[in-house]
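Peer 1: Okay, here's what each chain looks like letter by letter:
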Amino acid sequence: MNRKMVFYTCGRMLLLEAVLLTLPLLTAIFYRESCFLSILAGVAAALLCGGIIMLLSKPKEGDVTAIYSREGFIITALTWVLYSAIGALPFVISGEIPSYIDAFFETVSGFTTTGASILTDVESMSKGLLMWRSFTHWVGGMGILVMVLAVTPMSNDRSMHIMRAEMPGPVVGKLVPKAKQTAKILYIMYFILTLLEIILLLIGGMSLFEAMIYSFGTAGTGGFGCYADSMGGFSPYLQWVVTVFMFIFGINFNLYYLLLIKRFKAVFSSEELWTYAGIVFISTAAIAVNIRPLYGTASEAIRHSAFQVMSIVSTSGFATTDFNLWNGFSKAILVILMIIGACAGSTAGGLKVSRVIMLFKSVKCELKRMLHPRSVSAVRFEGKPLDRQTISGVAFYFAIYVAIIFAVFLAISWEPFDFETKFTSVLACFNNVGPGLGAVGPAGSFAGYSWITKLVLSFSMLLGRLEIYPMLFMLSPSVWRRQM
Amino acid sequence: MKIIIAGCGKIGSSVLANLSAEGHDITAIDTKSEIINELTGIYDVMGVTGSAVDQEILEEAGVENCGMFIAMTESDELNMLSCFLAKKMGAKNTVARIRNPEYNDRRLDFLRQNLELSMSINPELRTARELYNVLKFPSALKIETFSRRNLEMIEFLLGEDSDLAGKNLHEIRKKYDAQFLIACVERGDQVYIPNGVFRLEKGDIIGLVASLPEMQKLLKMLNSLRRQAKNILILGGSKTAYYLAKMFEGGGNTAKIIEQDEQRSLELTEALPKATIIHGDGAAQETLMEEGLMTCDAFVALTGIDEENILLGIYAAQQKVPKTIVKVNRDELASLAKKIGIESIVSPKEITSNILVQYARALENSSGSSVETLYKLFGGKAEALEFIVSGESKITGIPLKDLKLRPNILIAGIVRGRRIIIPSGSDDIEPSDRVVIISAGNRLSNLEDILL
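The listed protein sequences derive, respectively, from chains A and B. FYI, the working numbering numbers position 458 of the first sequence as 458, with every residue one higher than the one before it. FYI, the working numbering numbers position 28 of the second sequence as 28, with every residue one higher than the one before it.
It is worth saying that the hints were derived from the structure and are not from the lab. Treat each hint with caution, since some may be false.
Computed cross-link-like contacts, DSSO-like style, restricted to lysine-lysine with a CA-CA straight-line distance of at most 27 Å [said to hold, decoys possible]: (1) A:LYS262 with B:LYS92; (2) B:LYS338 with B:LYS167; (3) B:LYS338 with A:LYS265.
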């Protein structure tokens, strides 16, 4: 592997983090908060680390500068780890999250758009740091490297490898022939949708600060808020706006592009979109009926049901009510939704609806083959037959996915919590949902876990966000060998 | 510009690589998903898997607003049909590869008109033409022709006993009384655009620009003018071989083709009554000797396998065949073959890519002086371009020595009516001239681009 280029690229990425930190910096200045200095220290750390890494690994004349898929994977994984490591510094320096491990967990949770928190008292945090926490959602949602690709002139022919490693979904396609152009279009659409949500929230009476925090959380499908009861204290209008936008950000962004270029037929015949909408609708209806007795009016039950379903299926993790208090059936649905997640190519986590469809269809095909051994059949998705590689890729991904859930669950099983808490902690982190059930439910937090568990869960969040492979490759010694 | 390439085989993917390096937005269509996966992994292009005559696939590739649609599939008919569809769906320009001899005669114009093709391209015919040019002027490793052959640039190797080696360009110009210009020099892996004090060395390959008579005069003075090849031995009965043999018919020339496949040999015999067709294994030395390798003027290896062509080319060169040309399609093998002593190489891929790159550049600027011809020299390290000056511009009427040119640019020749000017500092460019530019490391699509 070309180590020099990997580190050099990561160094450049860190410089961009310093730029990203200016938004919370401005917020802190605006509110005249003392965390201003600690954020500034974060900026300095990012510049310093990035600069040193770049200096040490600067490619000399004649060095090979090409990067291939292997380097792309490692650059992606390493950048995400470095971003979290540096991004955690302002929390520690300001003293608002004294332990570095806690701050690291919180930042990973932010970038991976998980929204799992170790904070027990969000409301006492300074506004600048809250802004940073939520802004990481926004950046992590569409992708750090996709952003770099869109805004910096570094792109070359090979930048596709970096983008592919970061974009979620079984098949990564481009919108337009050029990777850089694709990244730009994605971010522009992302920005406009976010802006739209901010405006709608402002109309509903939120302050600009709150509107930004909640819009960033929704856009990245993250789930960090600025109140202990998440969205519970807001008006029904605001809750519905967030519900709708969680749905919107759970849709494959390619479809928005198809809308823009007026290919409506392709959008409305999208199998994944309809399945996604179907899952949301059926789950909402089932839960609404199930929880009707807990709430005063039917509309309240529907609102809570819709919000929670959207929050979980889009892997955001906001809450308007403590769903931990619901009965087993509703909770079971939520756990299943955690695993399914939203559409490929969106900002959401989880397995992705398209993978679930492909899995079910290939299972059906296999079963048919058992009954009619000579039958020949193809798995079709979005109107096209899938090639064998994609099908086996999805099956393989699912196998690894399950294996990782078991492994992480085993690794944290010694913690003194009940089964439900621990199991849903793993699901909530690995699928980038945020809150789980039991002690880590919407009213609880991850603060009770030991530091080892926090690290394990941070790692599983990164695994989930980057769709497993980049993080696994980073740990494989064979990839790091200089030769071959 | 938005370009769609349908069919990404050997030639299609080479065209894709070249146009992608030019910075165009490219979408590739191929029926094989493996090919699409591979190409999108290497180049920054978009891929669509499916048939190029499927309306939905074309729509998905975005044919309605593409500037250029290039059909390069195996089948001529498929290419024509998909170009026709693409044109109907809104593609501005369509280019089809049509290489079957049946279509490549008078009927081609009819086809082109009625299918509204902007251009049809026949790599085999173009290759044969290039081969023919070199065989008619064997001193050259390669010939690039400009302005309908009024002006040429030949690549010429300075051998062990060359009179030019060790002299700088000033001295050379003084010594030889001919209208010529040494426009570029390849030494090792480097390409130079030389100035007056540049000293040539043996082993250099120089690009020589002159008109054909002046070129012959100069080479005669240098004692390296070789006589035209009249008896040629062609290995492999491909379409290129057919076109080449056809060009060699008549005028006391003879062409002999050795082909391994019996059926193909019979077909060739019917199509080429004047040529001699041998059915046999050309890779066997015995066959080559028997068919007169030692007495032929030139040996051309055109089998489908690059390696076989190279090896037999080396063998022929060892047998002191006056001129050996081999067809090599893979770029990396071509540079290797050059290193081990094969002087003349033709690459259908490169020829086709050159034409399409030139066409795309010409489309880019509808106004101004656009590219008329474009050749990539020395494996793409330099380019030779011909422009027609459209009208008055900031480049016309000024003595060349007063023009502020970008680095690594040379004005190598001007064709004014029937006059050929090898320019010096006091010449100027006038409207409707044809101007030949040699450039390294610049991307020119307009004549004005040569200015700083």
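Peer 1: Next step is simple, just say for each hint if it's right about the structure.
Peer 2: Hint-by-hint comparison with the structure:
1. Restraint check for LYS262 of chain A and LYS92 of chain B: satisfied, since their Cα atoms lie roughly 20 Å apart, inside the 27 Å limit.
2. With a C-alpha separation of about 24 Å, the suggested pairing of LYS338 of chain B with LYS167 of chain B holds against the 27 Å cut-off.
3. Our distance criterion of 27 Å between C-alpha atoms is broken by LYS338 of chain B and LYS265 of chain A, whose separation comes to about 54 Å.
Of the hints listed earlier, the one the structure fails to meet is number 3.
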